[in-house]
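Chemist: Residues per chain, in single letters:
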Amino acid sequence: MTSPVLQVAHLTKRFGEFTAVDDISFAIKPGEILGLLGPNGAGKTTTIQMLLGLVTPTSGSIQMFGLDLAAHREEILQQVNFSSTYISMPYALTVEENLSVVARLYGLTDVPRRIDDIVKKLEMEEFRHKITRKLSSGQMTRLTLAKAFLTQPKILFLDEPTASLDPDIAHKVRALLQDERRTSGLSMLYTSHNMREMEEMSDRIIFLQRGRIVAEGTAAEIVARFGQADLEDVFLKLARES
Amino acid sequence: MKLHRIAALIVRHLYLYRRSLPRMMEIFYWPFLDLVIWGFITLYLVRYQSQVPGFVTFFLGALILWDMLFRSQQGITISFLEEMWARNLMNLFASPLNPNEFLAATMAMSVFKVTCVSIVMAVCAWLFYDYNLFLIGLWLIPFVLSLVVTGWIIGVFTTSLIMRFGQEAEVLAWSMVFLFQPISCVFYPMDVLPAWLKPVAWANPAAHVFEGMRAVLGSGVPPVTHLAWACGLNAALLVAMVAWFHRTFAYCKEQGSLVRVGE
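Chains as they are written, first to last, in the numbering used here: chain R, 1 to 242; chain F, 1001 to 1263.
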């Protein structure tokens, strides 16, 4: 049996009286895409922030590649990256300069070739030399995805990665993610409010509600368990209960 | 012209002041600081009128050295603000970068800024006022290095406050350093300060540098004691401030505010 690349056990985060994440446990196997689903405020982003070492858990443990995140932060983060609609990159730098800074930050070699490759993959040639401030939101999303792919991570955290992309680019991004998973065994934790996308992308889905896991399984299993027509109806049912 | 629209804008700004200590500080801080600085300078000139050797040498040299300290602090704080404004802190701290490496990079930027500013100011002072900064001699080198480190200390302190309190505290990036100006004795000697303020000033490494500079220019006496104090205080305070930065960083991660800073 393959050991998981990510193992979360009894993870909890409290901000004063408010419990954002409440005793959740899950694992991701190599090459697996785990969907994290839930209404706004369910604890998805806080969970990802804890997995990235940006927020300290109140209790519980996070292990990646068999190492504890608290004790081996640098080794782990060297092999992990993330992309989110809600982040940005330095506005005054060009796209290429930003990617070059990321490459240095992760100590990558053969940087020009890697940048060329990722720019081609994400169809960023036309704005490669553009100042980041002047990018459209879709172009900015592609830049944050490029920064995530550039470091060739083993685990990728994606917080609504296609939220601001047009359907064509969103489709290409999904294809790219699937391709990376096939060729390099990339594991992903994926959040999205697009239920069709979640069904298409995720091997398994975890449904969070008020910080707790309320459902777990494949999209089909979850739909069947709640007796609904599709994942969107499950989402609406659970979100309105919360 | 409608009064209610003007009133709406006034109320909008007053709302900000109600909850913002940094904004309140801005109203009272600068006038108070100007009064203190110019008050001490006036006292100095009145008391030591006959003993002030060459205004240009003293004031221009002091101003250039103070600016080096200021730029050194800015090198650290503005580098942090740049990341905050660009919403790039999450990218940085979700990478293998650790807080010490972050500080080391900002300190390197601070040295770069100080070098540029020093060259520009020294050349301008020479061109416009025929003033040679190197009048102080070789002592200038340890003086400047000491001021750079003091700038780092204030910079790390200010950055920690901005990280802790967020965008509201941004104003500290430009104002905090001036809180140290009256007790750095930049433009007047320590003797001018009231007795109760002297111990505070002596605990400030910059005060030893400026006292030392005056000693060299005034009497030619090598300011070894002042320099030793400046170095010792700098070392102790730098260690304390870096430790405090780490503590604040851990606190922000605990509160989840590291990823929200700047919002």
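Just so you know, the hints here were simulated from the structure itself, not pulled from any lab data. Since the structure is predicted, the reported quantities are computational estimates derived from the model, not experimental observations. One thing to keep in mind: the hints can contain errors.
[As the list claims (entries may be wrong)] Just a few of them, taken from the derived set where beta-carbon distance is under 7 Å, the chain R residues facing chain F:
{"hint": "1", "residue": "Gln49"}
{"hint": "2", "residue": "Val55"}
{"hint": "3", "residue": "Thr56"}
{"hint": "4", "residue": "Phe65"}
{"hint": "5", "residue": "Ile87"}
{"hint": "6", "residue": "Ser88"}
{"hint": "7", "residue": "Tyr91"}
{"hint": "8", "residue": "Glu97"}
{"hint": "9", "residue": "Val101"}
{"hint": "10", "residue": "Leu105"}
{"hint": "11", "residue": "Leu108"}
{"hint": "12", "residue": "Val111"}
{"hint": "13", "residue": "Gly138"}
{"hint": "14", "residue": "Gln139"}
All C-beta atoms, glycine included, are put in the ideal place defined by N, C-alpha and C.
Chemist: All hints, please: hold or fail.
Modeler: Hints, verified against the model:
no.: 1; hint: Gln49; in the structure: holds, 6 Å
no.: 2; hint: Val55; in the structure: holds, 5 Å
no.: 3; hint: Thr56; in the structure: holds, 5 Å
no.: 4; hint: Phe65; in the structure: violated, 14 Å
no.: 5; hint: Ile87; in the structure: holds, 5 Å
no.: 6; hint: Ser88; in the structure: holds, 4 Å
no.: 7; hint: Tyr91; in the structure: holds, 6 Å
no.: 8; hint: Glu97; in the structure: violated, 12 Å
no.: 9; hint: Val101; in the structure: violated, 9 Å
no.: 10; hint: Leu105; in the structure: holds, 5 Å
no.: 11; hint: Leu108; in the structure: violated, 11 Å
no.: 12; hint: Val111; in the structure: violated, 15 Å
no.: 13; hint: Gly138; in the structure: violated, 17 Å
no.: 14; hint: Gln139; in the structure: violated, 16 Å
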